[in-house]
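These are the residues of each chain, in order.
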Amino acid sequence: MTAITEGSAALVVPPLAKSPGYWAGVWRRFKKDKVAVGAGLVVLAIILMAVFADYVAPADPTRSSMLRRLRPIGTPGYPLGADELGRDMLSRLIHGARLSLFMGVVPVFVAFVVGSVIGIAAGFFGGKFNTITMRTVDVFYAFPSVLLAIALSGALGAGITNSLLSLTIVFIPPIARIAESVTTQVRGMDYVEAARASGANALTIIRVHVLGNVLGPIFVYATSLISVSMILASGLSFLGLGNKPPTPEWGLMLNTLRTAIYVQPWVAALPGAAIFITSISFNLLSDGLRSAMDVKG
Amino acid sequence: MLKYLAKRILYVMPVAFGVSLFCFLLVHIAPGDPLTSVLPPDASQAMQDELRKIYGFDRPLPVQFGLWLMKALQGDLGTSIATGRPVAAEVWRAVGNTLLIAGLATVIGFLFGCLFGFVAGYFRGSYLDKFASMLAVLGVSVPHYWLGMVMVIVFSVQLGWLPPGGAGPGGSAAWIWNWEHVSYMILPAITMSVIPMGIIARTVRALVADILNQEFVPALRAKGLMDFGVFKHVVKNAAPTALAVMGLQLGYLLGGSILIETVFSWPGTGFLLGNAIFQRDLPLLQGTILLLAMFFVGLNVLVDILQGLLDPRVRRR
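Just so you know, the protein sequences line up as chains A and B, in that order. Heads up: the first sequence at position 39 corresponds to 39 in the numbering used here, and the numbers run straight through without jumps. Heads up: the second sequence at position 259 corresponds to 259 in the numbering used here, and the numbers run straight through without jumps.
Worth flagging that the hints you see were computed from the coordinates, not collected in a lab. We treat Cβ as the ideally placed atom computed from N, Cα and C, and that holds for glycine. Take these hints with a grain of salt, some might be off.
A few chain B residues facing chain A, derived, Cβ under 8 Å [claimed, not checked]:
1) F24
2) V142
3) P143
4) V152
5) I153
6) F155
7) V157
8) W161
9) Y252
10) L259
11) P283
12) L299
13) L302
14) V303
Once the Cα atoms are required to be at most 16 Å apart in a straight line, the calculated EDC-like pairs of lysine to aspartate or glutamate come out as [to be verified]:
15) K130(B) x E84(A)
16) K31(A) x E193(A)
17) K32(A) x D190(A)
18) K71(B) x E50(B)
19) K236(B) x D129(B)
20) K130(B) x D287(A)
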């Protein structure tokens, strides 16, 4: 035994530097992309602001004052002015980030899970199951997303839960479609064939070979939907179909301040600017992720 | 070509059926009785039953769907619960108004989107590209209803150049093609054009960059073609896809106009939809959505067919 070990000692190769994994590469490419990093920081700041709204906001977002209605930006004690009920705009914007972010992210996340399951199953099993599933998806695809969201929440009635539900239904079909198309591609790969030949069952193949290859593209696509979701969610509230007063939320704030555009136009425009900044940051972050993760399409 | 045509139409039939089923079910997922908005609060049971019979809500669902579909195919979308007028007539009137601004918005968006996308794709990596791409990202990220508000603030409230909303001094009924009326279209149309502009710019940029990378471009240059000659070839290759995207965008705008129409009080389909939702006028909601979705489906087929005509490669796919 020892002789063999000694003899082979000469053959020991110095350990290779551990090859940086896929995620290290993604991070390296992402770090170089200044725009994406900037957008990521903005997103992070907005998330932190939403989480710690109670500590960050200078005033109570629901305390109104009939004497200080519609103050301009820069009023002492009201850095961003006061709204139509004399509430501090800055505090309302900070607190509003909570619901606005929540309504932007949650539907996309749920749709990501459900849509991936549907799409991967359809793509992997193919055949009749695929045809039926994808045709059903096509039906939802026949509606422009704004129309579908408004139709569903219009029929279900106003409220946050109904808005979340309608937005989730809006985003499942596009995610399922992407998931189906990438899964169909992966399914045709030789390594899947090899795994099948070596006796792996469907679940194992999906878990080991399919998921790792398809989740990346689906995830990147889903992140690009967050900005759409935020705009749609605020849009529903703007129409009066989402959040109800007095809870601060950017879309609803925009709605209630709409009549104030003749008195304090720039205060009235602030909530929309907040939606815009958040949505553009999510979009740039998603673009950065797309190129860092080297996803095509 | 005929085979392609037949295939597209056969493909779209089940989708159209599904869309109508969805629109039909929309009324039935709605909580509460669809009749509550017409019934007086103290309506007797007999009266309720009678109305239910008139509107056909007393039959089994599949029968209701069959009857509804038959009628819809004949152009009868039922009567509006709130106004008592036929839904089809109300929707058609509104569609015209929406087409007016959505069409104008698509043209504006297409022209500027192509311009930005082309410049960005042609001078890829330059500052011009970065600028044009930035504009495209802004276009797809902006909440358009807010942009509409800002437009009103700037051009109506502060500058006083354009009217803030409505469809002309006499409403949409008295529409005439003169400046006074057209001025009401400008802000909604420009606001609306921002989304297709961003999307078309992104598509065209990718297309142009892709085409310039193909082998035939150096071949053309080697043949001695000047920039303009190459430009013509690029346009020819990019046109079918760009036009297809434009067609789809028109469909999106038609369906997605509700928010912008609300901001500008423009009496189109979106405005109608808003009314239908808040008066819980379910037949009107159903009819409007069915018509808009069918329009979108039809537009999709039309775009596919046009693409097939322009580009024989598409037909073989």
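When the nearest CB of chain A is found for V303(B), is that gap smaller than 8 Å? 13 Å, violated
With the threshold set at 16 Å, check whether the alpha-carbon distance from K236(B) to D129(B) stays at or below it. 21 Å, violated
Is it true that the CA of K130(B) sits at most 16 Å from the CA of E84(A)? 40 Å, violated
Take the shortest C-beta to C-beta distance between L299(B) and chain A; is it under 8 Å? 10 Å, violated
May I ask you to test the interface hint for V152(B) with respect to chain A, counting a Cβ-Cβ separation under 8 Å as satisfied? 6 Å, holds
Quickly compare the C-alpha distance for K31(A) and E193(A) to 16 Å and report which way the hint goes. 37 Å, violated
Given a cut of 8 Å on the nearest C-beta pair, is the interface hint for W161(B) held or broken against chain A? 15 Å, violated
Report holds or violated for the interface hint on I153(B), using the least CB-CB distance to chain A and a cut-off of 8 Å. Holds, because the Cβ-Cβ distance from I153(B) to chain A comes to roughly 4 Å (cut-off 8 Å).
Using Cβ atoms only, decide whether P143(B) comes closer than 8 Å to chain A, and label the hint accordingly. 5 Å, holds
Quickly compare the C-alpha distance for K130(B) and D287(A) to 16 Å and report which way the hint goes. With a Cα-Cα distance of about 14 Å, the restraint between K130(B) and D287(A) holds, given a limit of 16 Å.
Given hint E50(B) paired with K71(B) - CA-CA distance at most 16 Å: With Cα atoms ~21 Å apart, K71(B) and E50(B) exceed 16 Å; violated.
Restraint: V157(B) near chain A, CB-CB cut 8 Å. Satisfied or not? For V157(B), the interface hint holds, since the closest Cβ of chain A sits about 6 Å away, which is under 8 Å.
The structure fails hints 1, 6, 8, 11, 12, 13, 14, 15, 16, 17, 18, 19 (numbered hints given earlier, in ascending order).
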